[in-house]
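The listed protein sequences derive, respectively, from chains A and B.
The working numbering puts the first residue of the first sequence at 1, with every later residue one more than the last.
The working numbering puts the first residue of the second sequence at 65, with every later residue one more than the last.
Keep in mind the hints are simulated off the structure, nothing from the lab.
Backbone N, C-alpha and C define an ideal beta-carbon position, used for all residues, glycine too.
Wrong hints could be hidden among the right ones.
So the derived label-pair ranges between C-beta atoms look like this [unchecked claim]: (1) B:E82 - A:Y25: 26 to 32 Å; (2) A:K8 - B:E83: 40 to 46 Å; (3) B:A270 - A:D26: 33 to 39 Å.
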Amino acid sequence: MVKINGAKLDIAGKTLAEYLATTNYDVKRIAVERNGYIVPKAMYSETVLQDGDSVEVVSFVGGG
Amino acid sequence: MIPTKKEWDEALIKRQGEEIQKKFAGASIAICGLGGLGSNIAVSLARAGIGKLLLVDFDSVDIANLHRQQYKANQIGKYKTEALLENLKEIAPYMDIEIHTAYVTEENAAHLLQGADIICEAFDNAECKAMLTNIVLETMPDKYFVAASGMAGMGSANSIQTRKITEKFFLCGDETSDVAEAGSLVAPRVMLCAAHQAHTVLRILAGKIEN
Chain A
1 MVKINGAKLD
11 IAGKTLAEYL
21 ATTNYDVKRI
31 AVERNGYIVP
41 KAMYSETVLQ
51 DGDSVEVVSF
61 VGGG
Chain B
65 MIPTKKEWDE
75 ALIKRQGEEI
85 QKKFAGASIA
95 ICGLGGLGSN
105 IAVSLARAGI
115 GKLLLVDFDS
125 VDIANLHRQQ
135 YKANQIGKYK
145 TEALLENLKE
155 IAPYMDIEIH
165 TAYVTEENAA
175 HLLQGADIIC
185 EAFDNAECKA
195 MLTNIVLETM
205 PDKYFVAASG
215 MAGMGSANSI
225 QTRKITEKFF
235 LCGDETSDVA
245 EAGSLVAPRV
255 MLCAAHQAHT
265 VLRILAGKIE
275 N
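Full structure from sequences and hints, please.
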């Protein structure tokens, strides 16, 4: 199982890009942390989610 | 009369303690975006006796900014960098201030921000927020980064919070209220978020971040 923003999902083996494509996230508005480190944008399609990974997708909203 | 530097430092030490004050005085903090978040972060950090602020914004003061940003009616039309420099010099005359009137991009971010120990993201546009977050965390891993997301509308003050995302990345705000949907930004709620960011900077410097 892969933990994403607290929810356990059965998506081990998928790439981060593949997972994000199944969501409503706007890739231009997010930063992704995986096991304590930021995932570089250029690595989304090469980052294979592993069993036990903990991922947080931070999705920014406007205003400041 | 403006107090001497010695009087100034003594007053800060009296209120904040010598050990912490030394850490604040030795710090260099960058603020990207000088609107409702950035101008209020800057004022808080100036009052706390931070040694140096690095202020970055491309924009000018507009009449629509005055309801929540630290500018004055007679500064409309001035670059925010220059207007805030004037105001901060009145608040904290001995603080070192460096200004860059520039639009932050993936290409110039490393150069603009190289002198900072901690970087505050204080833009209003969500894509610009994400761009700066990714570029700083990817290419400047030694720097602390304090970002903001979600402070629009009339939601409760208590929903504004600070979360530690990684060892160096902190996120302030309610993370949901988008100005495009909420339709408004009011001074206290934006200032609350800016205060979370400024206080996170002070806690990092004081070595008080435990989780």
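For each hint, the structure was consulted:
no. : hint                       : verdict
1   : B:E82 - A:Y25: 26 to 32 Å  : violated, 47 Å
2   : A:K8 - B:E83: 40 to 46 Å   : holds, 44 Å
3   : B:A270 - A:D26: 33 to 39 Å : holds, 36 Å
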